[in-house]
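S.K.: Residues per chain, in single letters:
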Amino acid sequence: MEKQEFNITVYTENQIGLLNRIAIIFTRRKINIDSLNTSPSEIESIHRFNIVITESEDVVRKLCRQIEKQVEVLKVYYHTNADVIWQELALYKVSTDVIAEKVSVERLLRENGARAVVIRKDYTVFETTGHREETDNLISILQPYGLIEFVRSARVAIIKDSEGFNSKLREFERLEPGEDVIENEYLNQGQKVFSM
Amino acid sequence: MTEKSVKSPVELSGSQALLDALIIEGVDTIFGYPGGAIMPIYDALYDYNDRLNHILVRHEQGGIHAGQGYARTSGKVGVVFATSGPGATNLITGLADAQIDSTPLVCITGQVFAHLLGTDAFQETDVINITTPVTKWNYQVTDASEIPEVIAKAFYIAKSGRPGPVLIDITKNAQIQKFNYEGYTPCNHIRSYRPKPIVRPQYIQQAAELINQAKKPFIIWGQGVILGSAEQEFKAFVEKSGIPAAWTILGAGAIPTDHPLNVGMLGMHGNYGPNVLTNECDVLIAIGMRFDDRVTGRLDKYAKQARVIHLDIDPAEIDKNVKSTVPVWGDCKETLPMLTELVERKVLTEWHDKFKEFTRQEVEAVIHDELNPTSDEMTMGEVIKQLNELTKGDAVIVTDVGQHQMVACRYANLNKTRSNVTSGGLGTMGFALPAAIGAKFGAQERDVIAIIGDGGFQMTLQELGTVMQSKVDIKIIILNNRFLGMVRQWQELFNERRYSFVDIQSPDFVAVAAAYGIGGKCISDRADLQPALKEMMESKGAYLLEVMVTKENNVFPMVPQGCSVSEIRLK
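Chains as they are written, first to last, in our numbering: chain A, 1 to 196; chain B, 197 to 767.
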């Protein structure tokens with residue numbers, strides 16, 4: 001099976017050590033994590049991981065099952081890039097003097113969809129969000145003008161499927177799961193949605 | 197037990213709260229070894245001595261294997277205590293073993309004071325991180341008030357769903373600290389934890405349709421049947437469907453060895469028919485087993501012709517190694533009766549005759565000579581055969597790892613469930629002696645016989661001290677071939693007899709046992725075998741029987757590594 005980028009979404013309890021438990025599932029199989037973001041979700045005490053790896057779907061499905069098996073993991077989904085809307089945030093620090101003298105700042109901002117976050121005497125920080133190639137673009141533009149520092153966030157992704165998972169999460173939030181908590185419902189939906 | 201143990205708050209130390217929790221969880225036996233960081237718990241245990249039986253082992257590895265043996269025979273959670281640092285790290289092998297063999301354990305380790313965490317304090321190790329890959333769940337307690345809830349979770353997680361080992365690391369301050377104890381409530385729900393998937397009837401329906409259409413259906417079962425206490429449900433399914441059924445090493449005994457539909461053992465040293473016919477059946481029904489590579493051999497040549505129905509409680513096992521046509525996710529105690537209801541009664545005479553023909557060939561080529569040798573030296577097989585006559589298949593058989601394990605599992609009669617205690621997935625040498633100790637505590641009314649090789653015995657023989665001190669009535673048979681036999685067999689077959697470091701010297705085992713006050717005998721003549729086994733079984737208390745067996749005997753049949761199950765060799 002052909003390898004491609006997959007976005008793995010993991011909903012978890014906010015628990016010390018869980019990041020390690022999840023990371024081990026990848027390292028054990030010698031799989032590199034391209035990008036990892038973790039943050040609180042819209043439900044208090046439930047955290048959301050976004051993990052990006054390049055693998056075949058078969059491997060991704062097995063990994064997801066191993067992750068979902070962890071006691072403190074509520075739910076795992078995986079999607080191809082086509083199934084998600086995703087963004088990365090990048091910050092660029094450049095010398096204010098150089099940038100003011102040599103570049104038309106306004107043009108630069110417009111052409112790259114960037115905005116200045118901080119303007120100080122000594123340096124200016126720009127921000128862009130977008131796909132990798134978009135944020136890469138501004139690096140190449142700023143590099144000749146003495147890019148002082150660059151940082152890029154992990155990927156955050158939201159699933160295109162209009163249903164979303166908020167309602168399911170709310171369901172999980174309830175203390176006792178009712179009979180109507182459906183397991184396995186996506187089993188046969190192939191790569192569209194994965195869930196146990 | 198859902199009621200709280202204490203109605204009004206009382207002041208208890210963390211250690212007392214822990215022991216209180218264990219009593220409410222029904223724990224009767226703890227295996228452990230004290231040390232600096234767990235001393236407050238041991239101090240509290242001094243006052244609980246009348247309610248909690250603590251067995252002092254000689255090494256923490258022995259403690260955890262004993263906990264495993266206890267869990268396997270009793271069906272309850274094994275409980276193990278160890279101190280921080282080296283005490284905790286000595287548990288790792290047992291944790292890994294329990295994790296891969298789905299054995300329910302709760303291990304309590306002491307830890308340095310919370311304010312010393314991360315400072316490389318005396319006997320400090322990062323136990324949580326070390327044990328993460330080999331536990332189902334673990335947690336570090338740094339405040340006494342967490343203890344009741346955490347212990348409740350630990351027991352629930354260890355025994356529910358697919359069981360496994362849980363480790364709770366408790367800092368010394370939390371053991372000492374007093375807090376307002378409001379009682380103990382056992383846990384039966386964790387928001388993020390689904391111990392068993394909800395059964396979907398349409399899959400049961402699909403599975404039944406496949407089975408009813410099958411001409412050559414074949415059942416393979418594993419320990420899931422035993423872990424799910426589904427032996428009766430399984431038997432009913434097998435008997436109604438009339439389908440031949442074979443077992444993985446950990447599934448042994450779920451239905452009696454001599455059941456007419458039991459066609460034998462699967463895997464590398466399994467029986468001829470079950471292995472070959474795996475590649476001939478049209479529908480393969482896998483129940484509570486995980487398609488381990490020792491069972492499947494080469495995956496790309498495994499049961500390719502068959503449509504596979506996989507019943508398992510752990511969704512991560514479905515399609516992990518073998519792609520299933522119909523996955524039946526759920527607890528087999530629930531799913532099997534649903535399936536039994538829908539399957540038709542069938543007589544599959546022609547199909548059964550194939551198994552019989554392979555059995556005939558295997559008996560002729562291997563089994564007859566193994567069990568009835570004519571050479572001067574004894575074989576491992578004939579020892580097991582003689583033992584069967586004495587035990588009538590009613591004993592608990594605990595085996596170590598190696599040739600003797602394969603021989604014992606192949607030939608020992610097991611009439612009852614929970615009779616087979618062995619290290620399946622991890623293949624841990626040194627497992628059997630301590631596991632037998634625990635097995636006896638888990639099944640006190642039964643005979644417990646440990647069958648161990650001369651190599652494995654020397655890995656944990658210090659536990660004879662535990663046998664001595666706690667007066668554990670186990671019978672130990674050492675099958676001594678003066679070799680690390682299984683490695684030697686591989687070297688003979690695949691490395692041109694380059695016997696690299698397999699020639700192991702042993703002490704006088706009978707004298708070692710005698711030093712521990714344990715009776716014993718060493719025999720090398722066939723004429724002595726039956727009387728010696730009888731003497732062993734009739735002797736009061738522990739007994740060690742060393743049987744000198746032929747040096748260079750091989751366990752056959754064998755599926756060589758990297759080969760398909762149908763390429764199984766008879767010699």
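Keep in mind that a hint or two might mislead.
[Unchecked claim] Listed next, the in silico DSBU-like pairs over lysine-lysine satisfying Cα-Cα at most 30 angstroms (straight line):
no., chain 1, residue 1, chain 2, residue 2
1, A, Lys168, B, Lys612
2, B, Lys529, A, Lys3
3, A, Lys69, B, Lys542
4, B, Lys392, B, Lys272
5, B, Lys272, A, Lys69
6, A, Lys69, B, Lys519
7, B, Lys497, A, Lys69
8, A, Lys168, B, Lys349
9, A, Lys62, B, Lys542
10, A, Lys168, B, Lys355
11, A, Lys30, B, Lys500
12, A, Lys168, B, Lys392
13, B, Lys436, B, Lys349
Derived by calculation from the structure, the hints in this document are not laboratory data.
S.K.: Indicate, hint by hint, whether the structure satisfies it.
M.R.: Consistency of the hints with the structure:
For the proposed pair A:Lys168 and B:Lys612, the alpha carbon gap of about 45 angstroms is over 30 angstroms, so the pair is violated. A distance of roughly 39 angstroms separates the Cα atoms of B:Lys529 and A:Lys3; the hinted pair therefore is violated under the 30 angstroms criterion. For the hint pairing A:Lys69 with B:Lys542, the CA-to-CA distance comes to about 38 angstroms; that exceeds 30 angstroms, so the pair is violated. The hinted pair formed by B:Lys392 and B:Lys272 meets the criterion: a straight-line CA distance of about 18 angstroms does not exceed 30 angstroms.
Taken as a hint, the B:Lys272 and A:Lys69 pair is honoured in the structure, with Cα atoms around 22 angstroms apart against an allowance of 30 angstroms. In summary, the hint linking A:Lys69 to B:Lys519 is supported, as the alpha carbons are separated by about 19 angstroms, within the 30 angstroms threshold. For the proposed pair B:Lys497 and A:Lys69, the alpha carbon gap of about 29 angstroms is at most 30 angstroms, so the pair holds. Restraint check: the Cα-Cα separation between A:Lys168 and B:Lys349 comes to about 24 angstroms, which is no more than 30 angstroms; the hinted pair holds.
A C-alpha spacing of about 36 angstroms is found between A:Lys62 and B:Lys542, which places the hinted pair above 30 angstroms, so the restraint is violated. At most 30 angstroms may separate the alpha-carbon atoms for a hinted pair to count; A:Lys168 and B:Lys355 meet this at roughly 27 angstroms. A distance of roughly 28 angstroms separates the Cα atoms of A:Lys30 and B:Lys500; the hinted pair therefore holds under the 30 angstroms criterion. Note on A:Lys168 and B:Lys392: the hinted pairing holds, with a Cα-Cα distance of about 19 angstroms set against a maximum of 30 angstroms.
The suggested pairing of B:Lys436 with B:Lys349 is violated, with an alpha-carbon distance near 39 angstroms, which exceeds 30 angstroms.
Comparing the model with each earlier hint shows violations of hints 1, 2, 3, 9 and 13; every other hint is respected.
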